[in-house]
Amino acid sequence: MKTQEISGPASAAPFALQPGDPIYARVLRVLLMIWHAMTTSRKVAIGSAIVAFFILVGLFGPVIMNTDPNAISTLFITPPTAAHWLGTTVVGQDIFTQLIYGTRTSVFWGLGTGVLVTLLSVMVGLVAGYFGGWIDDVLTLLTNVSLVLPALPLAIVLAAYFPRGSLTICLVIVFTNWAWQARVLRAQTLSMRSREFVTAARTSGEHTWRIIFVEIFPNEIGIVVAGFVSTTIYVILTWTALEFLGLGDRTIPSWGSILYWAQQAGALGGGLWWWFIPPGACIALLGAGLSLINFGIDEIADPRLRRERPVKVKNIKKAVA
Amino acid sequence: MRHLLRRILFYACAVWVAITLDFFIPRLAPGDPVAALIGKMSTKGYVTPAMQQTLSAEFGLNTHDSLLAQYFKYLGNLLHGNLGNSIQYFPTPVTQIIAQDIGWSLMLGAVAVFISFTLGCLFGIIVAWRRNSALDTILSPAMNFLSAIPYFWLALLSLFIFAYLLNWFPLTGGSYDAANINPGWSFDYIGSVIQYAFLPALTLVISSLAGWMLTMRNSMITTLSEDYVLMAKAKGLSEGRVMFRYAARNAILPNITGFAIAIGAIVGGQLLTEMVFSYPGIGYALFQAVGEQDYAMVQGVFLIITLAVLGANFLADMLYAYLDPRVRVERSA
Numbered sequence: 001m002k003t004q005e006i007s008g009p010a011s012a013a014p015f016a017l018q019p020g021d022p023i024y025a026r027v028l029r030v031l032l033m034i035w036h037a038m039t040t041s042r043k044v045a046i047g048s049a050i051v052a053f054f055i056l057v058g059l060f061g062p063v064i065m066n067t068d069p070n071a072i073s074t075l076f077i078t079p080p081t082a083a084h085w086l087g088t089t090v091v092g093q094d095i096f097t098q099l100i101y102g103t104r105t106s107v108f109w110g111l112g113t114g115v116l117v118t119l120l121s122v123m124v125g126l127v128a129g130y131f132g133g134w135i136d137d138v139l140t141l142l143t144n145v146s147l148v149l150p151a152l153p154l155a156i157v158l159a160a161y162f163p164r165g166s167l168t169i170c171l172v173i174v175f176t177n178w179a180w181q182a183r184v185l186r187a188q189t190l191s192m193r194s195r196e197f198v199t200a201a202r203t204s205g206e207h208t209w210r211i212i213f214v215e216i217f218p219n220e221i222g223i224v225v226a227g228f229v230s231t232t233i234y235v236i237l238t239w240t241a242l243e244f245l246g247l248g249d250r251t252i253p254s255w256g257s258i259l260y261w262a263q264q265a266g267a268l269g270g271g272l273w274w275w276f277i278p279p280g281a282c283i284a285l286l287g288a289g290l291s292l293i294n295f296g297i298d299e300i301a302d303p304r305l306r307r308e309r310p311v312k313v314k315n316i317k318k319a320v321a
Numbered sequence: 322m323r324h325l326l327r328r329i330l331f332y333a334c335a336v337w338v339a340i341t342l343d344f345f346i347p348r349l350a351p352g353d354p355v356a357a358l359i360g361k362m363s364t365k366g367y368v369t370p371a372m373q374q375t376l377s378a379e380f381g382l383n384t385h386d387s388l389l390a391q392y393f394k395y396l397g398n399l400l401h402g403n404l405g406n407s408i409q410y411f412p413t414p415v416t417q418i419i420a421q422d423i424g425w426s427l428m429l430g431a432v433a434v435f436i437s438f439t440l441g442c443l444f445g446i447i448v449a450w451r452r453n454s455a456l457d458t459i460l461s462p463a464m465n466f467l468s469a470i471p472y473f474w475l476a477l478l479s480l481f482i483f484a485y486l487l488n489w490f491p492l493t494g495g496s497y498d499a500a501n502i503n504p505g506w507s508f509d510y511i512g513s514v515i516q517y518a519f520l521p522a523l524t525l526v527i528s529s530l531a532g533w534m535l536t537m538r539n540s541m542i543t544t545l546s547e548d549y550v551l552m553a554k555a556k557g558l559s560e561g562r563v564m565f566r567y568a569a570r571n572a573i574l575p576n577i578t579g580f581a582i583a584i585g586a587i588v589g590g591q592l593l594t595e596m597v598f599s600y601p602g603i604g605y606a607l608f609q610a611v612g613e614q615d616y617a618m619v620q621g622v623f624l625i626i627t628l629a630v631l632g633a634n635f636l637a638d639m640l641y642a643y644l645d646p647r648v649r650v651e652r653s654a
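Those protein sequence lines, which keep their order, are chains A and B.
Counting from 1, one number per residue, gives the positions in the first sequence under our numbering.
Counting from 322, one number per residue, gives the positions in the second sequence under our numbering.
There may be inaccurate statements among the hints.
[Unchecked claim] Here chain A is said to cover these stretches of chain B; the calculated rule only asks that three of the stretch's residues, wherever they fall, bring their Cβ under 8 Å from a Cβ of chain A:
1. 593-607
2. 611-620
[What the hints assert, rightly or not] From the derived model, a few chain A residues whose C-beta atoms are all more than 10 Å from chain B:
3. L32
4. I55
5. N70
6. V91
7. G112
8. V115
9. C170
10. R202
11. E215
12. T240
13. S291
Rather than coming from a laboratory, the hints here were simulated on the basis of the structure.
No residue lacks a Cβ here, since even glycine has one placed at the ideal position from N, Cα and C.
Build out the structure end to end from the sequences listed, making use of the hints.
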């Protein structure tokens, strides 16, 4: 019952996975599935567009700007003008340039960290679920303990002790956030393990790792994608929060570090709204985009959450009459 | 009974992991941050021999004790409620500072959680009952949007609008107007406390309201399709009775567990609130300790927060098993 609900995205689409297909066919199906989700759900479409926009800005923005984001000038604390679209900081840095460069840092570290978190949870979840026995006991205990420890305070403590830098934050976030998805995947793998295609693979002498990652894993892609999206939202928020506390690399512009410097310079008390509103708005927008994708996936998975449209039914009745 | 025992064992294990992490993190960190801190502070000339000695004892510098001996000494200290001495307010014990600050955190958090839980559940029930009505189509997406806003940005924004532009609330932070008002049971003091806590509480409510509401809505929608609800409607019971006494009573289950966890998160869940508003609770203490590299303080606060969260999770587990007998049977079988 539970697993059926979770595997919804796969079963709702008309491209249900057939165990036993070659890998490229499965990958193609997954892509078709994602395309299907994007085209049928308006929420997923809008969300994807927002995320794509930020990725494009992150990729090409700095190339087009091509100026040093930390370059200082004598134009201190200027409100937005035609030359400086988002004004300048207390040392005359152009905030728009910083924001564009910051988009690159924040989006790519955020997505990258999201990928790492997902990879770790896939490893733990599949291994625990497939092997069972003491391996499962140990990994499940680890997962559950990690789940009940408060993530943000632990991340702050870890980041405070280890050397400042983007890599530290990335690893700290991976270490504190892998457990939730691992638990979901373990439950799914557990139900997968006794299916016929796995037994068939085992009797035909396939290698254990091949069974786990080539036979079982492709069937869980739907959950992994949904989990990746919701994890990434949380990762980006935690990332910004840690940078806002000054625990990240303060020399590289990112959404979090712009907010950190704004806070340090007392931008709030000085009324320098152009300094702290734009980076926050970017985070909010990217978060909203990812949430929309997630709500869309949820609705595809659980039809009860979908909005019924009684209006249309009425129109059809009228037309018939 | 077996279920209870297993949960107790599990939480004992989690507490041990938290305590052990707290001990090993500073010792495993590369480059010995504590030694670096002492070095940095002694160049400024404010490391007294007493301070050096305490720090060395706490973090195992210049001692000949093995790591294991240090670990047991640390456990012994914890059992006596000794979390070490703060560096920034040397030689005040960490426990004393935490005891001072935790009251403000608890008050702010409790008020915010209570308000947002009550409002969130109520909205969720009504919105699910009038599904697809104008209220639902406006309120639900609006709540989704609010929940996507990063919390500390919402806090900064509200501080900017209500404190800087409109001047309704203090911009400087603190828990009351310390310059003009003496603490006591006076009208002025309580008014000042409310004025200083209002904005932090408001942002906490706004950011957590959506979660309560959406969980309640989804759970309520599922419950409303149950036969017994249909039966209740068919019997001609009043709308309010079916809504609250029949459907909501069962639908509220996921939120009740969430409530128990939120109670535990009060201690540590508003770290960002206190940091942005400079509200002198335990989160603000952590923020300052991180900035000042006051490691004993950082560890102490982390430990208190973790213990609170673990306690609340345990309570939530027990509560759930009590409210939903299926959990008891399933898990102990």
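Going down the list of hints, with the structure as the test:
1. With 3 residues bearing a CB less than 8 Å from a CB of chain A, the stretch 593-607 of chain B meets the requirement of three and the coverage assertion stands.
2. Residue count for the stretch 611-620 of chain B with a Cβ under 8 Å from a Cβ of chain A: 6. That meets the three needed, and the coverage hint holds.
3. In this structure L32/A is separated from chain B by more than 10 Å, as the shortest Cβ-Cβ distance comes to about 28 Å.
4. The non-interface label for I55/A is consistent with chain B: the shortest C-beta to C-beta separation is roughly 18 Å, beyond 10 Å.
5. With a minimum CB-CB distance of about 22 Å to chain B, N70/A clears the 10 Å threshold, and the non-interface call stands.
6. Separation of V91/A from chain B is adequate, the least Cβ-Cβ distance of about 21 Å exceeding the 10 Å criterion.
7. Non-interface status of G112/A relative to chain B is upheld: no Cβ of that chain comes within 10 Å, the nearest being about 19 Å off.
8. Chain B leaves V115/A outside its interface by the beta-carbon criterion, the shortest separation being 21 Å against a cut-off of 10 Å.
9. The Cβ of C170/A lies farther than 10 Å from every Cβ of chain B, with a closest approach of about 16 Å, so its non-interface assignment holds.
10. The Cβ of R202/A lies farther than 10 Å from every Cβ of chain B, with a closest approach of about 28 Å, so its non-interface assignment holds.
11. Distance check on E215/A: its Cβ is at least 29 Å (rounded) from any Cβ of chain B, clearing the 10 Å threshold; non-interface status holds.
12. At the 10 Å boundary, the C-beta of T240/A falls inside the reach of chain B, the nearest C-beta of that chain being 6 Å off.
13. With a cut of 10 Å on Cβ distances, S291/A falls inside the contact zone with chain B, its closest approach being about 5 Å.
The earlier numbered hints that this structure contradicts are 12, 13.
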